[in-house]
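Starting from the structure of chain A, add chain B where the hints point.
Protein chains: 2
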Amino acid sequence: MLHIIAMKDEKIFLAHGAGGKQTRVLIESLILKYFNDSLLKSLPDAAVVSIPSDSERICFTTDSFVVKPLFFPGGDIGKLAICGTINDLAVSGAKPAYISCSLIIEEGFSIQYLEKILKSMAKAARKSCVRVVTGDTKVVEKGKCDGIFITTSGIGIKRYQVPSGLQDIKPGDAIILSGVPGMHELAVVCSRENLNFDMTLKSDCAAIDGLIDGVLRVSNRIRFMRDPTRGGLAACLNEIASGCNFGLKIYEDKIPMTEQVRSICEILGFDVINLACEGRVVMIVDCEDAERIVSVMRKHPLGTRAEIIGRVSCECSGRVILQTIHGFERFIRMPSGKQLPRIC
Amino acid sequence: MLHIIAMKDEKIFLAHGAGGKQTRVLIESLILKYFNDSLLKSLPDAAVVSIPSDSERICFTTDSFVVKPLFFPGGDIGKLAICGTINDLAVSGAKPAYISCSLIIEEGFSIQYLEKILKSMAKAARKSCVRVVTGDTKVVEKGKCDGIFITTSGIGIKRYQVPSGLQDIKPGDAIILSGVPGMHELAVVCSRENLNFDMTLKSDCAAIDGLIDGVLRVSNRIRFMRDPTRGGLAACLNEIASGCNFGLKIYEDKIPMTEQVRSICEILGFDVINLACEGRVVMIVDCEDAERIVSVMRKHPLGTRAEIIGRVSCECSGRVILQTIHGFERFIRMPSGKQLPRIC
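As you go down the protein sequences, you meet chains A and B in turn.
Note that our numbering gives residue 326 to position 326 of the first sequence, counting from 1, and the numbers run on in steps of one.
Note that our numbering gives residue 170 to position 170 of the second sequence, counting from 1, and the numbers run on in steps of one.
The set of hints was computed from the structure by calculation and includes no laboratory data.
Wrong hints could be hidden among the right ones.
Intra- or inter-copy, both count: the list cannot distinguish identical chains.
[As the list claims (entries may be wrong)] Taking lysine-lysine pairs in the BS3-like style, the calculated list, with each CA pair at most 30 Å apart, reads:
no. : residue 1 : residue 2
1   : K170      : K142
2   : K119      : K202
3   : K127      : K170
4   : K142      : K116
5   : K142      : K11
For reference, chain A alone in the conformation it holds in the complex (with noise of 0.2 Å):
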């Protein structure tokens, strides 16, 4: 039945989102055959998902994606919109477990294409053991979206006490980040504005549900996670601080860092700490657990570069500063503007 789809329809048309026949032909030779639950498998209005009987709390949440390139090195918005919805999951303390996927599809849209994305939507979604249950599509005409606009919700268990809180965070507390940051927006912008500087840059997308899970399993003081995204560490270190109203002190010389990054910064003029992560934790521990959840990360291969970044302290409250590797101090203020549209 892909065969037929694929022959004989090679682009989107409106009448895949109509609801009715080719909709169903869609659905049945394309979308089933990635995303091949036994819970989709009969279309139902809405999945009835099994939950563990001691399990109270459930965590929910929801994202769209409308990054730009579709693809790009490292991901694409499929993989993107898996990693987002469990990434966002597991910083929230629960073992990601559901996922729902809604598209938005422009008419002429490359059914190979779609087809690439599902694949990838897929793989992410089985690497981190997740279900894709339930889901929707729909088509617009030609001019009236950008390719295809993916919005995923997830549900996870609530498995952990951790992370306790931002009213938690105490002066003393260790600021661990996990990697690099910054690479998956450089990836994004130099595959849209095709800057060929290092073929070797790659997103940094990807799903830290494993990275989170080492750390949980040796630490109970966890205050506070936060992946990275848009807005970069600027804008998760600023909602932490005005959140706990202490100040967050953070040495540049401890963010763990590459000469690529470094240096395509450098030239496009980017401060490294406004960059979005796509696959990078942002931590607020207690500081006895610091130094074992370091070691932790490192032994993870989405981690190896794990490092104490600053401390809580309290000076400045609610502010963020950076002292730079020349010693000199300065604020890190929330991000303002347009900066860089469509990165997730």
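The following block gives chain B in isolation, referenced to the frame of chain A:
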């Protein structure tokens, strides 16, 4: 703060979606004004929600809404998004509990319209006691989407064993329709094309969780429920027929109808059976309970015109047969082709 955003920024800018300061202002001054759930206020990556300790099964659904025009008689894209998600949960036998809301907005979109849509979403959610607990906002460049697209996902608590499923449908079961079909699609199309046949024509867009709840209290012999959206009764009944492998026979003279709907369909050349509803339900129920269910429905404001419109039959397995008012029989086929795009 709303005042500030309304005065300064009458339109949505790319900065509103960049994850920095302006995103924060938009969320805090406008979105949280209407979605003021305690869980949403701290803007976590994922909302931690409670589920009753005796519930081991939950329902999970998602839908993207791309309706055009955004505002139509009887509703708007916001009301449609909330009601659509509530209805998908309700027809699955679940009590709608939590909703996520993800917005993709076009640069330059009117903040006044956005506010109107958010207000409408909040009102619809409140009416069904559903909490909007998590969300996302993305902004794309002018011309890269069409005003606003909304994706809502929902979690419902599965309370009933019914509907028992397509596999339990048997010949003799009754087919019930809760009201006049097709009014949503007609209202949207007339509004889009500026066809002012009758200013009183309104979409049937509504949340039918209350209607369904009433029915579930008086019958545990409901086999299947679905809200006939895209593709209308024709798509809905064909899916049921092919899923249960019996024939479905419906009687044209039993389908609830108004002179208004009939005459607009005649003028436009539409077959009402193909037209989408957004506030109706089709039920397949044990024939012994059918009359009781219809009488319960009729006491609800959204079910006053409920009727038994047909029966499950041994004949023509997998097909839908319509007996016309003239006594002839014809097959109702799965709608095919593009039909009318963007009605939900």
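We went through each hint and held it up to the structure:
no.: 1; hint: K170 with K142; in the structure: neither (53 Å within a copy, 44 Å between copies)
no.: 2; hint: K119 with K202; in the structure: within (20 Å within a copy, 42 Å between copies)
no.: 3; hint: K127 with K170; in the structure: neither (36 Å within a copy, 41 Å between copies)
no.: 4; hint: K142 with K116; in the structure: both (20 Å within a copy, 27 Å between copies)
no.: 5; hint: K142 with K11; in the structure: both (11 Å within a copy, 24 Å between copies)
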